[in-house]
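**Q** Sequence:
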Amino acid sequence: MPSLVGSEMCIRDRLITHDKESIANESAALAKAADFNVVYTIKKKFLNKPKYGISDLTELKTSCENLNPDVIIFDSILSPRKNYNLAGALERPILDRETLILNIFEARANTTENQLQVKLGSLKHEMTIAKERIHFQTLGERPGWGSVGVFSIDKYELDIKKRMKTVKEKLKKVQKHRDLHRRSKNRSQFQTISLAGYTSSGKTTLFNTLTEENKKIDEKLFTTLSTTTRRIEINRKTFLLTDTTGFISKLPPYMIEAFKSTLDELLYTCLLYTSDAADDTPCVDLGGRRI
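Going left to right, the sequence shown walks through residues 1 to 291 as my numbering numbers them.
Everything labelled a hint here was simulated from the structure, so no lab data went into it. In this text the structure is predicted, and so the values were computed from the model without any measurement. Beta carbons: idealized from backbone N, C-alpha and C, even for Gly. Watch out, some of these pointers could steer you wrong.
No more than 27 Å apart at the CA atoms, straight line, and that leaves these computed lysine-lysine pairs for DSS-like [as the list claims (entries may be wrong)]:
no. : residue 1 : residue 2
1   : 155       : 170
2   : 155       : 124
3   : 61        : 43
4   : 220       : 250
5   : 220       : 172
6   : 172       : 49
7   : 170       : 131
8   : 124       : 61
9   : 124       : 220
10  : 32        : 45
11  : 49        : 20
12  : 51        : 20
13  : 20        : 45
14  : 172       : 20
Between beta-carbon pairs, the in silico distance windows are [said to hold, decoys possible]:
no. : residue 1 : residue 2 : range
15  : 250       : 177       : 19 to 25 Å
16  : 163       : 107       : 19 to 25 Å
17  : 59        : 217       : 18 to 24 Å
18  : 205       : 158       : 16 to 22 Å
19  : 217       : 250       : 50 to 56 Å
20  : 157       : 178       : 43 to 49 Å
21  : 19        : 232       : 29 to 35 Å
22  : 35        : 189       : 18 to 24 Å
23  : 93        : 169       : 31 to 37 Å
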């Protein structure tokens, strides 16, 4: 869904999203989490049409002329070519779903591991864009509205690969520390319970209640990106309770891979799945099993 955003405090934005209410609400929440103010929303049944992602730009162009948004948010993953086409037609920057999520993750990352994971995800996203830009250059095309223009193909791709290698090496060191910490928890002989579920479904609220902690709670999505574990007593038995990163639909595969070490924590614990009672789609598919 495209969306226009605007306000004196936030970037003005226009949102393009699907016509299903739950999906539209999630995309609006993502925009809010990134501090965008949606001033106009267009809902479409399909967002995978050739060239622009949507078939008709008439309504979108009219609203851009009337509301003058700073950016267009497109609630689907756009190929670099479609992004360039849409940005060129509207003469405004386009944020698709994966770029929006990356921006939110970058703003929320508050640990070394989170920052490295987000950086790795950003570089993988940048590599995808780089390959498309390289293709444009070989065809003699300008790579998109407001683009950086001409660049060296070899240097551009090589630079991204070098940065990815550096981030992966740093992430491996951090992950070794996480593995040691997990082994230490296993030796404690206390069973670990992980709170899992969609982002902003109340995991941290439940965690705070059970542990008497005071972790930050926010209605915005992805307040928690890193795991936190505390000891609790239930019926005179000791457990380790872990608050985890929330799920969200249509998360790009490379972001799942970038956060693999954090998500791996769920493989070694007993899961307690939380969901919002007001959510009309509270189930999540994990390896073919719906919970």
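**Q** Each hint: holds or not?
**A** Okay, the hints, checked on the actual structure:
no.: 1; hint: 155 - 170; verdict: holds (23 Å)
no.: 2; hint: 155 - 124; verdict: holds (16 Å)
no.: 3; hint: 61 - 43; verdict: holds (15 Å)
no.: 4; hint: 220 - 250; verdict: holds (18 Å)
no.: 5; hint: 220 - 172; verdict: violated (30 Å)
no.: 6; hint: 172 - 49; verdict: violated (40 Å)
no.: 7; hint: 170 - 131; verdict: holds (25 Å)
no.: 8; hint: 124 - 61; verdict: violated (32 Å)
no.: 9; hint: 124 - 220; verdict: holds (26 Å)
no.: 10; hint: 32 - 45; verdict: holds (22 Å)
no.: 11; hint: 49 - 20; verdict: holds (17 Å)
no.: 12; hint: 51 - 20; verdict: holds (23 Å)
no.: 13; hint: 20 - 45; verdict: holds (8 Å)
no.: 14; hint: 172 - 20; verdict: violated (40 Å)
no.: 15; hint: 250 - 177: 19 to 25 Å; verdict: violated (31 Å)
no.: 16; hint: 163 - 107: 19 to 25 Å; verdict: holds (20 Å)
no.: 17; hint: 59 - 217: 18 to 24 Å; verdict: violated (38 Å)
no.: 18; hint: 205 - 158: 16 to 22 Å; verdict: violated (46 Å)
no.: 19; hint: 217 - 250: 50 to 56 Å; verdict: violated (25 Å)
no.: 20; hint: 157 - 178: 43 to 49 Å; verdict: violated (31 Å)
no.: 21; hint: 19 - 232: 29 to 35 Å; verdict: violated (43 Å)
no.: 22; hint: 35 - 189: 18 to 24 Å; verdict: violated (45 Å)
no.: 23; hint: 93 - 169: 31 to 37 Å; verdict: holds (33 Å)
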